[in-house]
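A.B. asks: As a plain string of letters, each chain reads:
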Amino acid sequence: MSIKISDEILMNVEKPARYTGGEVNSVIKEHNPETVKFAFCFPDVYEVAMSHLGGQILYSIINNRDDALCERIFSPWTDMEKAMRENDIPLFSLETKTNAADFDILGFTLQYEMSYTNIINMLNLAGVPLMGQDRGEDFPLVCAGGPCAFNPEPLAEVVDFFLIGEGEEKINTILDIVKTVKEEGLSKAECLLMLSKTEGIYVPSLLDDCFDSTGLRIKDIDTVVKKVLITNLDEAPYPKKPIVPFINIVHDRTMMEIFRGCIRGCRFCQAGFIYRPVREKSPDVLVNEAKTKLEATGYDEISLASLSTSDYYALGELTDKLLDITESHSTSLSLPSLRADNFSMELMEKVQKVRKSGLTFAPEAGSQRLRDVINKNITEEDMLKTAAIAFKGGWTSLKLYFMLGLPTETMEDVKGIADLAWKIKQLYREHGNPQRKALTLTVSTAFFVPKPFTPFQWEPQITVDQMLERQRYLYDLLKKSKIKYNWHDYKLSRMEGIISRGDRRIGRVIVKAWEKGARFDGWAEYFDYNKWIQAIEECGIDADEYASRTRPTSEILPWDFIDIGVNKKFLLDEKQKAYSGITTKNCREDCMACGAACFGAGVCFENN
Amino acid sequence: MMKTFQRAIRRSGLEAEYSHGFNPQMQMVFGAPLSLGFTSEAEYADFTFSNDYEPDDVKNKLNDTLPEGLSVIDTGIRTIKTNIMADIKYADYDFILFSKMSHESIVDKVMTAENLLAEKSRKGKTKTIDIRPLIVKVEAEDDRLKILSKAGNQNNLNPRLLVEAIRKNIDKSVEGIGYNRKEQYVEREGKMISPLDVIALESK
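Protein chains in written order, with this note's numbering: chain A, 1 to 608; chain B, 1 to 204.
Isolated chain B (complex conformation):
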């Protein structure tokens, strides 16, 4: 994703700011990483340019050259120093869930559970963690399950891990497909808000 945007910026003719090290890198930070195979309606990134561009100008120039399926929805100027990756705290996902048990009872069991254990594997090592504290809310809607969970580089829940936990603890038959990220949020004064709304707050 980084590379795709770096190349798109270079093609667009927009002048990006580079790091000044031995191996200059384009200044670019993305929000929470998106798992392979997920679709998304809400990705966020900070770009640093060496010129003052109009936000709409950046949006249009990038959209002219981005590959199909990838487009910039909105742009704004950030004024504060925290980068988006460190700022993201929550994310909304939905996905299709196949199960024997009704979605309502699954949701009920997840929400009332005191803990929900799942095996997380990383670099070949597996460890058991309790994912319940990472879940804010789970809801059923048609054939889909919606989840609001913690996200970001401190606490993060991949919805696939939730499905594994359900399979292990609640309903052995479950399968999830069509994972989609709906939104990402930052936290300001105890409230969840969209990163683009932060820009509006900042500029006040």
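Same shape as in the complex, but just chain A:
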């Protein structure tokens, strides 16, 4: 049944096009009883959700099937939520305005922890019971995937099943199983049991007897869930007709994923481990993809997406070939995520040819000592050299990203941030053109959040007092040098620190915080730390136990039953090396036998 949303409601909310659908390349299919109906749910607002490449990939795979359909459901912004609640409008899909509760599967993507209350809110708006055990046969299956699913435990009591790894690898298997279940009239329990036998799928309810009534683990878990991934990206499906929004979205351009994973192995970076091994698409495949996407969307900009663009093995060839297309079509090409070390003049000129965007370096730490600890293999010399080239080439804007609170950090390391920024500022006098245009230099810091499946997964996050002390210290130093400083809210980092390594007990905190009105926690204007503190207290949780405690390496971690290919021994070795300040070579220089070769693909076999 299609839900009617009156013009009056739409006229009174910000950006009605967030809710109206009908975009070019959106797919509307008939809702037959036998069709498997999948709702791709992104727990954030339209502009963010539509910028997510993974969603577009799943959308096209599912809609390419005759026996299934995929529609989109995103978090309504707070004004729309209010209108929906006042007018008894349930959560609905953009394509056919179908009630979310009428889909067979609600599939959520977990991109960041602070979107979890939005998941709870969406289920509630759909009239779907929040806890898996309360959802009877008539309610949809709730599943989740994405990077945060690598620690699924905080949402284990909400979500029926998780897909650990890359969704496009197993989405068809999931749909096949649900189709069989529908045809044969099997129960949800039978469906989940069938799903649990699929590689990469975790059904948390099957482990319920390992936990007590508070969500505390009381027994060893003998299940192992191994992540799934696409081994050959050249053969992987990509959306040939991406949806083109009517309103501006965060990434309003043709996005081209050039590779997955990262050869670097920065020790704080979860993506650098969970997406191993690195797998690349070949330039010719990408060029065809670019042509197809430009023709289907009418976009005037191509952007390359990856964790570190300049590490792509054939970047020169690819950019040359893409520029052939873009220059003849008045299209621009942007290359984000360039590393400061191998950034060449030639490459810079290529980007410059069409449009000069700002430059961004992410040294992450202010001193060489600390950069060695985190294995960020960039030297100050590299950065200054690159900055000099950029300034000579006419760049006038530079952003520097750092983290505060990395393991072993001292005030001396914090001072290193201000020193580096100062040197870059001086460099502009020498190589730039300060008379014509002043340098716009911005330093941004975020607080380190220890993440599962990194060598720092056992590390404590610094306390709130330490956070404030270091931020204040840096603020004063940069103020003296008249350098612009942007900082992250320490309260948000603290909450991320608590949730990212949380267990089932943290799930109760999330629901409780939502009950108190928490939602859109990733948005500074809505994040309310007090609601979370109250929720933590009411749940009888010790937040320090999650965030700021050194976890013994003998401890069984909530996510230990998941196998990402990279073995724990490797992570432990990396932790030890971090403390000794020893760096690790990248995957191209030398194989460190992290374990990811077990997938039989990618960079691990490049030289064989």
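None of these hints come from the bench; they were simulated from the model.
Any given hint could turn out to be false.
As the list claims (entries may be wrong) - With a cut-off of at most 27 Å between alpha-carbon atoms, the simulated DSS-like pairs for lysine-lysine come out as follows:
1) K241(A) to K61(B)
2) K61(B) to K240(A)
3) K120(B) to K168(B)
4) K172(B) to K127(B)
5) K59(B) to K240(A)
6) K291(A) to K61(B)
7) K291(A) to K59(B)
8) K123(B) to K15(A)
9) K15(A) to K3(B)
10) K125(B) to K15(A)
11) K81(B) to K15(A)
12) K120(B) to K15(A)
13) K150(B) to K127(B)
14) K241(A) to K59(B)
15) K240(A) to K3(B)
16) K61(B) to K29(A)
17) K97(A) to K3(B)
18) K4(A) to K150(B)
19) K125(B) to K100(B)
20) K241(A) to K3(B)
21) K291(A) to K137(B)
22) K123(B) to K82(A)
23) K15(A) to K127(B)
Unchecked claim - Quick list of the computed label-pair ranges, beta carbon to beta carbon:
24) H329(A) to D108(B): 44 to 50 Å
25) D64(B) to P336(A): 29 to 35 Å
26) E381(A) to Q25(B): 40 to 46 Å
Just so it is clear, CB atoms sit at the ideal spot from N, CA and C, and this is done for glycine as well.
Fit chain B to the given chain A structure using the hints.
C.D. replies: For chain B alone, coordinates are given in the frame of chain A:
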């Protein structure tokens, strides 16, 4: 709207003319801007192509790729330099009006008023203006009110402002919904004509 058409043109394979500046932009001008939430039966735009296309060819190619609810009704070749945005002088709207007072007396009061004050807010600032000179004609038809008013970048009246003025000066209870633009006009020799008729005039 601009972006939607720019992308549609790029998808259609029609070759548009771009500006030659640092940041090339597709040459495209729209008539009077349409308020958010309004429907319209008559929007006009000037497109510049780098090839000589048949007008019907442009129409068909765009209609093949425009999103649902948006279609090109007619096309013609312009020969004069003035752009459509500067050229539009009047517009016809209609909308449903809920009121306690009869529509006939509202129309009568509007048409006989010497002035009609309304508060116009722009960028957070409110100023009181007299909208009466902007109104050419108001008529009642069934449950709808029809208005012909000045439009364009010099003098422009948003019919919502008319409803606010009626609420303030004539009948407190009024609410308008379903705003729809029926037509836009340019002026030639003191007469209002449709922009597409101008093309016929020009080509004579």
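A.B. asks: Under the constraints set out in the numbered hints, which ones does this structure not fulfil?
C.D. replies: Failing hints, ascending: 11, 18, 19, 21 and 24.
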